[in-house]
Structures are given as structure tokens and as C-alpha cells.
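In mature numbering (1 follows the signal peptide of the UniProt record, and there is no 0), the protein residues as written are -29 to -1, 1 to 464.
Watch out, some of these pointers could steer you wrong.
What the hints assert, rightly or not - With a straight-line cut-off of 16 angstroms between C-alpha atoms, the simulated EDC-like cross-links for lysine to aspartate or glutamate are:
id, residue 1, residue 2
1, K406, E60
2, K395, D382
3, K395, D371
4, K248, E60
5, K406, D169
6, K357, E68
7, K248, E230
8, K225, D169
9, K31, D371
Calculated directly from the structure, the hints in this document are not laboratory data. Source: prediction; values computed, not measured.
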Amino acid sequence: MEPLGPALGAAAACLLLLLLLLLGRRARGHGQLPPGPWALPLLGNLLQLDLANIGKSLRKLSEKYGPVFMLRLGSAPVVVLFGYDVVREVLVSRSEEFTDRAPPQPGPAPRDRPHRAGLFMSNGETWLQTRRFALATLRDFGVGRRDIEEHIQEETGLLLQRLAESRGQPLNPGVLLSAAVGNAICRILFGKRFGYSDPEYLHVLRLLAENFLLESSIAGQLYNMLPSLMDLLPGPHQTFFRNNNFIQDFLARKIAEHEATAHFDAPQDFTDAFLRKIEQKGNPRTVFTRENMMVTLFDMLAAGTESTSISIRYCLMVLLEHPAVMQEEIERVMGRERLPALRDRAAMPYTDAVIHEAQRCLDFVPLGFIRTVRQDTQLRGFTIPKGCTIYPVLSSALQDPQHFRNPEVFDPGHFLDETGAFRKNEAFLPFSAGKRMCLGESLARAQLFLFLTAILQRFRLRLPPGVARVDLRPAVSGILNVPRPVELCFCPR
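Could you build the full structure based on these sequences and the hints that come with them?
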């Protein structure tokens, strides 16, 4: 009997040739696909990515393959857009073609949460009508007007009292900041604020914070790439589901409370307004359903609380290294007798620049929220196949050396001109851009300015005894960059 080795080798060679022919036919069928590294069956390019710092891996690949390249995450094709110019082209200039969100969600989604409801993951008419309603209702309840500024100032005073109670002793401000920031959005959503000792509110905030970490953990990212497999395995991604179910139960109770005392004629808050839309008759195809209300409230609570409080916490960490000039500006413009007001911002260019630069360096959503295309689309000479996932890497805009002379360095000068006046930078995209940009940007910017300046007006920031420097490296770096927990000393002035 002849040995099987040569026969098996010939068979393997034939199979490889057949695979190459099939891949070539597939590529020709789609036109010229973007370049990219070879992918393994089932795993795709997962082994070529550092899931603990996926942004760094994508940067290296962009240096080899250019600003538009293709990967496979598991079996799914993904087109990565790297650099400010191509990111802006897709998000702004060609937003109609690239508006749709792509499943799976950014982070493990609760099993019973629909992918096509709410503000973040819906598409088409559901997204359009829900976003229009949300924008109009936010304005109705004070966002962008003096009303919301007064609410933030009231919350600022309460936050300062709690920080003063620490008497300069080491304190992790994370939960307090989340509670203060969260109350601004809770006033809009539910018409009320929650006490800083409210156990249910604090538990919801802790679960939201934990979920933001889980979203960017290796397990969370693997869930996005291999959801069918990860559903069968234990791990921290299962905690995400339990957390979300508790938060949904919390929201369901708030909805029930509103239904019991509904003000359909004169809505008192966002939940009242949504319930009124649900009650309107005559449109059997309405997007205003209980399911959509639940997901929309969830989206707004999560985005309106944790993202802004994390940004404030990171700013405080950065300011331990760079306090002097900002402190002088605060004392000159505001003094110490009154709370900061938004009108002060125009007279405080350095403070404004520090806040912008801290957001740039935090780089909170480095990959951007994933998109898809409804049909085969041409981009920079390449064909993007219908249904392909798109990663518009916001990090590549925030760190583009063509727009930030020292992208790896914290430098408020990136937002100051030669006279010291504040200067906008078109590559500053922490809130994304185009039709899908964050609808809470004005609220987030107001909170960042008012909370930060008030804290620095009343306190000197210090590290605890024995701690030489704050670690600015993120605790996790994946879909989100989440800073490490930190203890600070808030020493009264």
C-alpha cells in the first residue's frame, strides 16, 4: 500500500487552491474590497488583535494597510476607517449612506432587549422619529436653556457639601459624581432627583459603572464578535445581563409610577411625554411603543450619567498635574462667593481648553459606535459590501497629528490660538459627528464646565499621602476607555 502522505498533501493543496479561487470570485463579485490581513476560519483576525488595547492594534494595521482596511472579527467582515479625513467623510459628508447602526450592540445586550429600538441601535423610521421626539422633549424640559443650568447649579451646591464632608481625607469621588450628574438627566426623565444616599439609585449607578467596564473587558468584546459561542460560556459577560435586567426593573417601576399619575395634558417630564405619545390613537404603525420607551429611557440614563461623570473624574485626575493656570482664571473671573455660570465660559478660554483637551485624551469611545451599509457602497476606490460592519475610529481623529501637534501629550494649547483665545479644532469629535452625533452634547458640556469649575473654586486637589502620581492609563481600553478608580483629597480653600 502506498503511503498516504503525498495523497493528503495533494488533497490539501487542491483544497487551498479551491479556497483561493472562491475568495477571488467573492472579491470580484463585490468589486475591490479594502485591503487587510489574512483571516483564519471561524476566528478571523482575533489572534492578531490585542483586545486589551484594540485601538493600538488598529493603529498598527492602518500604518500597513492605509485609512480604509478590512478585518474579520469571527466570521463577520469589518471595515475600519482610520484618520480624521475618512472618519469625517463617512460621518458627515456621506452620513446618509453610513447612518445605520449595526448589530451586535456595543457591549453585551440583555437577551430580551431588541436591537432595533431606542436611540442608539435603532434605524430607519424608528430612529428618526425617536430622535426627533427626544431632541424636542429635551428642549421642552430645559436643555439648552437657563432652566437646566439652574438645576445643575442646585446639584453643584449639594455635591460641594458632600465633598466638604470628607474634610480633605482620601475619597473615591466616582459614585458621588455619578449621582450628581445622573440627577440632571433624572430630573428630565422622571421629574425628580434622587438623594445621594438613596440605596436603589446608588445600586443602579454602580451597575451602570460596572457595565461600562464589562463592555470593554475582553469577555465583553469577545461576546460582540462571537455571541453564539459566548452565550454558552460562563463569565463576566453574564453579569452584564443580570445588571441590565435590574436596571430595566428600576425603569419599569418608574414608568408604572408615572402611569398611576399621568399628566397627558401637560407632561411633567420625558416619561410623561412618551406615555402621551403611546396613548395617541390612529397610527397602528407608530414607533412609540412601550418597548421603545423602555429602551430609550435605558439609553438616555446610561449615556447621560456614566459618560459625563467619567469625563469629570478624568478631568480631576488630569488637573492634579496641571492646576495652576486654570485656578488663576477661575479666581479672576468668578471669585469665590458665587457658583459658576455658563456665561463665565466665554471669559475663561484656558479652562475651556483644558476641558476639551481632557476629553480628547480620555478618548472615551475610541472605536466610535459601529455602523453598517444598506447596500454595496464605494469608498475611496473600494467596495464596502452590503451589511458590512463599519468602525469609524474616533480615536484616530482625536489623535490625528495633522490636527494635534502633540497627539500623545496633554496640551491645552491644542485649543488655544497665539493670543490665548479659545480655538475650535475640527478633529475634536468626542461626541461623534453628523446625524448620529450625541444628542446630549450641550447638557454634557454644561455639566463638565459647571461641576469642574465649582469643585476647583472650593477645593485644592491632592493625592493621598504616599501616592506620588495618578495613573492616567485606562482600567480597560476597548469599545470604551474607562479610567481607573482613584482616591483624591478635596482640601477646602
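- prompt: Which hints from the list above does the structure break, by number from lowest to highest?
  reply: 4 and 5
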